[in-house]
Amino acid sequence: MSLRRQCYEWRNIVESAGDTVFLNGYPVNWTGNVDTVGFAANQPVDIFVGGIGNNIDIPGQLKAYQYVVIDAVAVYPPTLHAQIYVNTTKYFQDPDNVPSRNGGISGFTAPFPQGASFVTTAGSIVNIMNYDFKDGLKPAIIIQPGQNWGVEVTSSVAVPSIANTATGNQINKCFVKYLLIDGADAIVARRLLDAGWPLSVENVWKYKQDIIRSHLYAGLAPLPEEVSEAKRKV
Amino acid sequence: MAIRKQIYTWELHGDGGDGSSLVNYPRAGESHSILWGPYGNVQAGRQTGLIKENEFVVIEKIASTPGISANSFQITGVAPNRQLTTWRPNMFINLVIDTTNYYQDPQNVWASGVSGTASPYPQMTIDEPYYDLWPPVYVLPHQTVDIRYTLFNDIQLSAAAGSWDIIPQETIMAAVYVEYTLYDGTDAMMAQKLLQVGIPVTVGTIENYRRLLLEQKGLETDTFQHYLKLMESERERKKKEDKNQGVARYTKYGDGE
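Chains as they are written, first to last, in our numbering: chain A, 1438 to 1671; chain B, 8 to 264.
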């Protein structure tokens, strides 16, 4: 399984009120016991190791035989923003070349889930659709072996902690979808990148077809005359 | 019926009780199979999916009940007859081929899978999926496939919290949807052949390959001559190659060699 479509979902939920983080999985909740962790406005929170909500032990780092193609990121509520980083470089930046001060792409542009409901200040409920980035980021972000990567979320308003009573729309969420290329396909990915081709499932398949085809032809082709007619030396 | 689009759905319905049953509902955080697990409408034989030697399976979609917060449930009626009508299981699904999990997290260890929020079932107009299982997953002959779900909202603890009195049998607590294409018989052989030469296995490529085979059926004299000539030239090339490599023997080529 060397080409796999992976996803990671972050929520600011914890198992018990007073906790700030839940490691390596998702907390078990039940009615009357859904607790969220608050964080300050304009405070970037790493969804992998930020210490809020569900986290993993270590940041995302690619092994020598892995490539990652990040093709979609989405957040909720609309006041939340997502910023993708690779090593020390942030993807979204302002026109003055400074990393996005808002914190990246917002839930108004890329809501999670698609069609998420939002209560306007006038009190009406609207469903927000992602039209501009429905098929993900074009071009997709390619993470190479050995690089660190992650996603930070930043809220433009303070997010309060909610003890026990949090409902679906009160939970902050971030969803990231990516293609994990590992094993032999990572070598193909390297070749494609060297040749300037976009890293997509179809291109990896095509390259492998070409390799197999050239091997088949190589087996059928006659040897060059200078080889086939050469005198034996031993 | 050699190529068939298949769907498999798993549903966990209410048991008519209050939700405290440990027999009818899984505990949160535990992973169970939709094919042979102890809960819901699993297959009668309770067997994991074993792909036969004359089959080839391409899994194209997996989806499950959306919703995250256990507090987003809905009831009708008044105590002591409050009936649960909507439940948010906060569920994730994972594909397991033999002993390998499809989903892993960014630190390269086992993950719960894709959530119902990212890939919802049923799919509503305001609930479009973000997640798409692309490329599809091939399950080869003699491999086993399992689809496992994990609920993170606990039904028994929620029942103990006293938010409802009855979970009617009509209430769907959790559901999983799997869509796959089953190639069997000669089409499975063609799928294997396409796999060997690196061509994606789709209905279109299999049908195209079948057309090519049928076109070659019943060789014309010219075609036969063509292949004969090819084989002769290949034999000649091999002969020269053996000679150059010093592996030619007079027993093979006669005294003159």
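Hint data in this document are derived by calculation from the structure and do not stem from the laboratory. Wrong hints could be hidden among the right ones.
Stated by the list, open to error - Pairwise CB distance ranges (calculated):
1. A:H1652 with B:N48: 30 to 36 Å
2. B:Q130 with A:D1569: 18 to 24 Å
3. B:N215 with A:A1632: 35 to 41 Å
4. B:H149 with A:A1595: 54 to 60 Å
5. A:P1576 with B:E241: 41 to 47 Å
6. B:N88 with A:T1557: 51 to 57 Å
7. A:S1665 with B:W141: 32 to 38 Å
Glycine residues also receive a C-beta, built at the ideal position from the N, C-alpha and C atoms.
Hint-by-hint comparison with the structure:
1. A:H1652 with B:N48: 30 to 36 Å: violated, 48 Å
2. B:Q130 with A:D1569: 18 to 24 Å: holds, 21 Å
3. B:N215 with A:A1632: 35 to 41 Å: violated, 27 Å
4. B:H149 with A:A1595: 54 to 60 Å: holds, 56 Å
5. A:P1576 with B:E241: 41 to 47 Å: Holds, since A:P1576 and B:E241 (Cβ atoms, about 45 Å apart) stay within the stated range.
6. B:N88 with A:T1557: 51 to 57 Å: violated, 37 Å
7. A:S1665 with B:W141: 32 to 38 Å: violated, 47 Å
Violated hints, listed in ascending order, are 1, 3, 6, 7; each of the other numbered hints is respected by the structure.
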